[in-house]
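Given the sequences, and given the hints that come with them, work out the whole structure.
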Amino acid sequence: KCNYCAHRIEHSYEPACVIVCPVEAIVSGDLDDPNSSISGYLRDHETTVRKPESGARPNVYYVETSDEILDPHATERSGEYLWTDQAAGVGHFAKYAESRLGAADTNSMIVQLALEKKARAANPRDRAIIHDVMERLDKQAERPKRSYDQPSKGVLWGWEVSAYIVTKAIASGAYLVAMLAMFAGFLEMTDELWWNLIVGCTVFLGLTGLLLVKDLDRPERFLYVMLRPNWDSWLVKGAYILGALGGVLALSGTILFFDFDRVYLEYLAIIGMPLATLTGVYTAWLFGQARGRTWSKDKLLALKMLVEMLILGAAILILLTSSQFLILVGAVLLIVLVSRHAHYTVLNPQMETLH
Amino acid sequence: MQPLRKFPDPDEWHNHIELDANAWPVRVEKNYSLVPTTCFNCESACGLLAYVNKDSGEVSKFEGNPHHPGSRGRNCAKGPATINQIQDTERILHPLRRVGARGEGGWEQISWEQALDEIAEKIRTSLKAGGVDKVVYHVGRPGHEGYANRVLKAWGVDGHNSHTNICSAGARTGYALW
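Quick note, the sequences are listed as chains V and F, same order.
When we follow my numbering, the leftmost residue of the first sequence carries the number 30, and every step to the right adds one.
When we follow my numbering, the leftmost residue of the second sequence carries the number -9, and every step to the right adds one.
Hint data in this document are derived by calculation from the structure and do not stem from the laboratory.
What you are looking at is a predicted structure, and each value in this text was computed from that prediction instead of being measured.
Mixed in with the good hints, there may be bad ones.
Computed cross-link-like contacts, DSS-like style, restricted to lysine-lysine with a CA-CA straight-line distance of at most 27 Å [unchecked claim]:
1. Lys118(F) <-> Lys30(V)
2. Lys68(F) <-> Lys20(F)
3. Lys30(V) <-> Lys68(F)
Partial list, computed: chain V residues near chain F (C-beta under 10 Å) [claimed, not checked]:
4. Asn32
5. Cys34
6. Ile38
7. Glu39
8. Ser41
9. Glu43
10. Val47
11. Ser57
12. Asp59
13. Ser65
14. Ser68
15. Gly69
16. Tyr70
17. Arg72
18. Ala268
From the three backbone atoms N, C-alpha and C, an ideal C-beta is built for every residue, glycine too.
Right, here's the structure in full:
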């Protein structure tokens, strides 16, 4: 991937692609310096960028380009190409490409060979027909065709992402709804109920943590998120908020275990409730930071996640307090439905790019 | 930020320090001595800079020579690809004489003295017996300032067979006549 030849910039050389281009098609320089040649170039020429609507504000400007050049999906794939077939896997899935490569190559190679053989060995009439068809195809091809293979990267945010959203919503939602109900007078918190709630929330919070770590490409580096924090990122802020909620739950457990005055649990809840709310909702702001992805454009995502955590929290509370069979079944159904909804919300936008 | 430059200055050619591209973000320094040379892959004879790794003494890569008045730092793909030719196993590094029938691919290494003696003997015999039409000088690409051509002319031999008479002479004739 391009890193702007950082190793060359360090020694004040231009990027390699700029040097090697025989027609100087690439212009590089300091965009922040109004006197630099690139700034002058941008002032004198009309330029476009890729996906300006994403808000990503890219620093790569294209001169005299077209939609077909900027957007790989603007052209149609015009058939299998022997040596450009990257369908096996690139990038995130390169490690699986080895095992899939055999299958992909053989298939398209067989098809290609059969066609070539037919074209060569055909009698004059068949050859004329093939020639006619090809001419017609060529005429159709006034629109630009794509001759490279842009492989889909597949699903990058898989089941772990939707799963941790749900487990997090359960953990934070149950605590939030229980505390809200308690303060509103609808719920009487017995010790047994406190234990069940605290243990349950801690378990689900722990599951969330495990899933978060498992989802990382380099799980062994998960501590970097906390110890080398980038405070601009909701990944970091969320991790600390999650940790703080875990702390509140741990303290609550301690109070119960050492049989301190139950009023302290209510004091803790005053910090715990906003923490729980933030825990359940912060993922929406994290998705919002991932500019260029479809979820970032959804302004209501935070509200939607709040509603989901309230629903899940209420369902858990029903499971903890009710004994009526039908109501319990209803609660389980609710949890299943919300989980499926979360799963499809995460997966569907990624499936759109598959072809 | 100081303005970016394209090529290292000749002052630093003997002590050129570069960072390893693949090791980034770890900064691994590589010490090069840049030796200007000429590409031999075609008649354009573009300038190249050989990046000689000071630690190993081997050529690591070829890039353009900005001070070559013709190529001015740019090359086609063949120039930098010359790195593949250096260690090619099929490079002929010593005089070889054929062993066995033509086409069998049998060769034995002989010394320079032997090679020069044998070839000289055969050329002299041919010149004495049949005259100047019996000798042909074949070379892939002439690159020796025309010395061999002077020898041929001294012998009266009009038998220079190389890239020149097959390819570039045609172009040069056009230039000369147009």
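Hints versus structure:
1. Of the pairs offered as hints, the one joining Lys118(F) and Lys30(V) is violated, with about 68 Å between alpha carbons and a cut-off of 27 Å exceeded.
2. For the hint linking Lys68(F) to Lys20(F), the alpha-carbon distance of about 24 Å falls within 27 Å, and the restraint holds.
3. Between Lys30(V) and Lys68(F), the direct Cα distance comes to roughly 25 Å. Compliance with the 27 Å bound is thereby established for this hinted pair.
4. Because the smallest distance between the Cβ of Asn32(V) and any Cβ of chain F comes to about 7 Å, under 10 Å, the interface hint for this residue holds.
5. For Cys34(V), the interface hint holds, since its Cβ comes within 10 Å of a Cβ in chain F; the closest pair sits about 7 Å apart.
6. Because the beta carbon of Ile38(V) sits about 7 Å from the nearest beta carbon in chain F, less than 10 Å, this interface hint is met.
7. At about 6 Å, the closest approach between the beta carbon of Glu39(V) and any beta carbon in chain F falls short of 10 Å, and the interface hint on this residue holds.
8. Hint status for Ser41(V) relative to chain F: holds, with the closest Cβ pair at about 6 Å, below 10 Å.
9. Hint status for Glu43(V) relative to chain F: holds, with the closest Cβ pair at about 4 Å, below 10 Å.
10. Residue-level restraint check for Val47(V) holds (minimum Cβ-Cβ distance to chain F is 8 Å; threshold 10 Å).
11. Interface restraint check for Ser57(V): the shortest CB-CB distance to chain F comes to about 7 Å, inside 10 Å, so the restraint holds.
12. A least Cβ separation of about 5 Å between Asp59(V) and chain F falls short of the 10 Å threshold, and the interface hint therefore holds.
13. For Ser65(V), the interface hint holds, since its Cβ comes within 10 Å of a Cβ in chain F; the closest pair sits about 8 Å apart.
14. Annotation: interface hint on Ser68(V) violated; nearest CB of chain F at approximately 13 Å, more than 10 Å.
15. Interface restraint check for Gly69(V): the shortest CB-CB distance to chain F comes to about 13 Å, outside 10 Å, so the restraint is violated.
16. Using the Cβ-Cβ criterion of 10 Å, the hint placing Tyr70(V) at the interface with chain F is not satisfied: the shortest such distance is roughly 15 Å.
17. Given hint, Arg72(V) at the interface with chain F, is violated; its Cβ is 18 Å from that chain's nearest Cβ, farther than 10 Å.
18. Contact between Ala268(V) and chain F, as hinted, is not supported at the beta carbon level, the nearest pair being about 24 Å apart and thus beyond 10 Å.
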